[in-house]
Amino acid sequence: MSNGPLVNPRKAMGALALLAGAAVLPLLISDPARLNFLVLILMAAQMGVAWNIVGGYAGQVSLGHAVFFGIGAYTSTMLGLSLGLSPWLGWLAGGAVAVLFALAVGWPCFRLKGHYFAMATIAVAEIVQILVTNSDFLEGAVGLSLPLDRSGPAAMVFLSKLPYYYIILGLLVVTVLVAWAIERSHIGYYFRAIKDEPEAARALGVSLTRYKLIALSVSAFLTAMGGSFYAQKEMFIDPGSVLATSISIKIALVAILGGVGTLLGPVLGAVILITIEEYSRTLFGSTGSGTDMIIYAAMIILVAVFSPSGVLGLLSDLRRHLPGGGAKPKKATKSAEIRP
Amino acid sequence: MRFTVAKAMGRGATRRQTIKRMMGAAALLATTALSGLTLGAGSARAEDEIRIGVIYPLTGAAASTGVELKAAAELAASIANGEIAAPQGLVAGAGMPRMKGAKIKLIFGDHQGNPQVGATEAERLITSEKVVALTGAYFSNVTATASQVAERYGVPFLNGESSSATLTQRNFKWFFRTTPHDDLFVTNFFTFLGDMEKKTGKDLRSIGLFNENTLWGNETTKLQIKLSDERKFKIAEKILYPAKTTQMTSEVQRLKAANPAVIMQSSYLGDAILSMKTYKELGFSPSMLLANDAGFNDSEFLKTLGKDGEYIISREVWALDQAERNPLIKSVNELMFAKSGVNFNGNSARAFTAVAVLADAIDRAGATTPDAIRKALQETDIPASGLILPWKGVKFDATGQNELGQGIIVQVQDGKYVTVWPFDVATKDIVYPMPAWDKR
Amino acid sequence: MTADILLQVLVSGLLIGLIYALVAVGLTLIFGVMDIVNFAHGEFLMLGMYASFWAFALFAIDPVVALPFTALLLFAVGVVVYQTVIRRILKAPMLSQIFATFGLMILLRGLAQFFWKPDHRLIPHTLVGGNVVLGPVQLGLPQVVAALGAVGVTGALWLFLHRTRLGTALEATAIDREAATLMGIDGQKMFALAWGIGAACAGVAGGLIATFFPIFPEVGSNFILIAFVVVVLGGFGSVTGAFLAGIIVGLIEVMGGFLIGPEYKTALVLSLLLIVLLVRPKGLLGKA
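Residue numbers (this note's numbering), protein chains in the order written: chain R, 1 to 340; chain G, 1 to 440; chain P, 1 to 288.
Treat each hint with caution, since some may be false.
The calculated lysine-lysine pairs, modelled on BS3-like cross-linking and capped at a C-alpha distance of 30 Å, are [as the list claims (entries may be wrong)]: (1) G:Lys105 - P:Lys117; (2) P:Lys117 - G:Lys416; (3) P:Lys117 - G:Lys244; (4) P:Lys282 - R:Lys113.
Keep in mind that the hints were calculated from the coordinates and are not lab data.
Could you build all of it, start to finish, from the sequences and the hints given here?
What follows is the structure, encoded as structure tokens:
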């Protein structure tokens, strides 16, 4: 897998084109709501890629990633509110706290396998949510608000959505590059070995726990940065909005939807999931009849049933079944299918 | 078949193509999505439309309340638009004379009980739907984020039913609130208890706090502790319970063991029902159950519990029996009943009033620019006789808080909420103590 | 006085624990047979509650009398869900399965809100209403009946799995799918059966809980976390384990909530789960 040249020129070109497109896109959009929609996609994509490092490559399915998200959000916000620390530094601090937490929790939890591990991560995240809800120090259920008047680049608070767009795009690029570097390095090789052949890996002297902890720590650091970004963007956090299990599940959904263990699968998954989510709510949510939930859920089930390895899996599947077919009709079929 | 392909996926050659294809698909999707989001905004819009964004919980655990609020807001809009004749005296911008017959159009957003979704909806309503003002969002924490978006864009946000005191302590320029907040409500509780002590000669000094564990319950608890210190009450037990629980046995057992004279409870609907069932199951009947509105005043509370909901006392901002003192209450309530098949309650009456106050302000502004609406809101001075709420009127102070709002205290008697305090507006005598379960 | 209260708390905890066990046995059965975690289990419970509600509202049939119908109805729902969705993702990765049942959970909630409105409902009076007083202990009759129902259903399920041909075939499929197929057991049929029985158990639980709990589209979310904790604590796939774990969770939740503070009751249960998992990574009675 990592045998070709260091950088495949065609891939690199594609990636650069994608990045250039993403960088130009907001300049063509004047409507902040649509820009906000793109920011939501990038946020979900960033979390999905970060989750994928431990959940996809290393195969350790965490359904408790909200805990890292929340740690990031709370750490940078608390440091900002109490010490006046710039969120740019708070970002790193949040990541560091998340790594410490990941090490402390991961070490015992990695003894568990499969569903037991997944349930343990839910339990850890729920416990943390309860503790924060009852913590006076963190203002408990009341939550923390960032002051509106302190705006500007230093405070990472902006009136326009554009700076948020570029910040989260940058964070996504960094996250993808980290994932890419891991994928290509010997660490990534060990991750896959842990996922596919744990016994063989152990027999070859790979320390399973050590590499699982590396995967979790990297993932936790990046997820926490996503959490800090959330706090800067929404300017209000409470346990329900940054530590809830529904966030953990959404983070995993993004990766599953696009394709677990693939570099850009979560990005595609985020585009699809957020589109379905925002669309169904915008178009049907105002009726109060639950139609938006029905549509959202039906899409999820359809993807799960017809494309169990995510949309990337479906795409390569289609390719196999339509040999010689041009790319365009296939794309058309696909988007027609997932368009809400 | 699909599965084997899937497993092979992401390896070597297939991968390059997949990435290309994926880029294409993603780009296509994003484009469709973006063009699609314009759908709502792009559709033909009459020049004479006044678009108001309304954000409520229309799915999720509080959906039943949200749907009720929606009906009330729609009623207010119909009255403002002259589709339904306005009852004599009601201030609701009826007919919008100064807007030259322009019609109000409410654009609803669903926040699902989630602060982030609330902010996203506010953003969409302001920028895509071009609403000139916002109202909502029932949940205090969602109102916090949604009004922050409105503040950033300089769009008036009139909140009608969120009672967290901190909302108007943020020095916002564009935020207004018609309902009194928890500070006043909690103060009312203690004043009421003082009055009750004088009236009955009983000692009501020991209190059990029983509040749900979110923003609302937490702030209420803090205020209750502060006031009970100030007024020399004693807190015998303090419980913050997790909302959406499966059982309340441990909570009620603790209350039972502490046996306070008065229980002050803050719960949303599901928990309110479950707690009443648990009180009965464990045979616990405090001499007074003083509820903090919300679940206890929801239309479904009595519909669901029937006789088991009798004798609870709750703070309120509205009661049908106030129609005896204010005929508007009766006539507007009849309109509501004709429209949605349910009577008003404190929440829906406040949602109605928020839209009515907003319509009145827009009409007085004679324009839909944010500054004009804000100025008109600041100049709002609605007399008590123009409202369906037992307030002294609507007039906003510098923080945007209505300073003329006031609360009443009601009790469930014979399946109805009747006003029992303040004594001068009461229609029935209070039943005290609450009869034990086996003596009903 | 204090001893009386403690006794009361203990008995209350036991009752709610048995009810948790009842909710969880169906979930653990499905997992045991086919290694799939059903996120929509709480929604099966919700459907069972609505079935009882409508039986009462439309035909004035008491929830307890309606139990067999509720069970049959939910059995059918389970089989239909299996045939339409689950059958197609049997060999998919664990994550896709979680994803599918998660979608199912949202879908059923949405459908419930669509058809039955988001209102809260309660069955006003049932055959089992009222209270039981045993010395210092006072209990709701509905809870007592539900707890007895839990014992009955779990017992019946155990007998079915260990004493009948069909049940043994189901167990065999759970232990070794391939070997069972070689023995002539139709795996597909067994899976469908597991979903049917699993959903029926949730339906019975719903019917019993409906006698004392408000009914609304999102009610499943109140129970699902606890149900998962019970299943994991007992060990995925172990009916006996779920029964024991249900009781333990109920006791810890009510006792812990009473002694330490209700705000921490769920945290206590989850901490217990983590501690047990660290000592026994497969839960109390999980199969290795």
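Hint numbers contradicted by this structure: none
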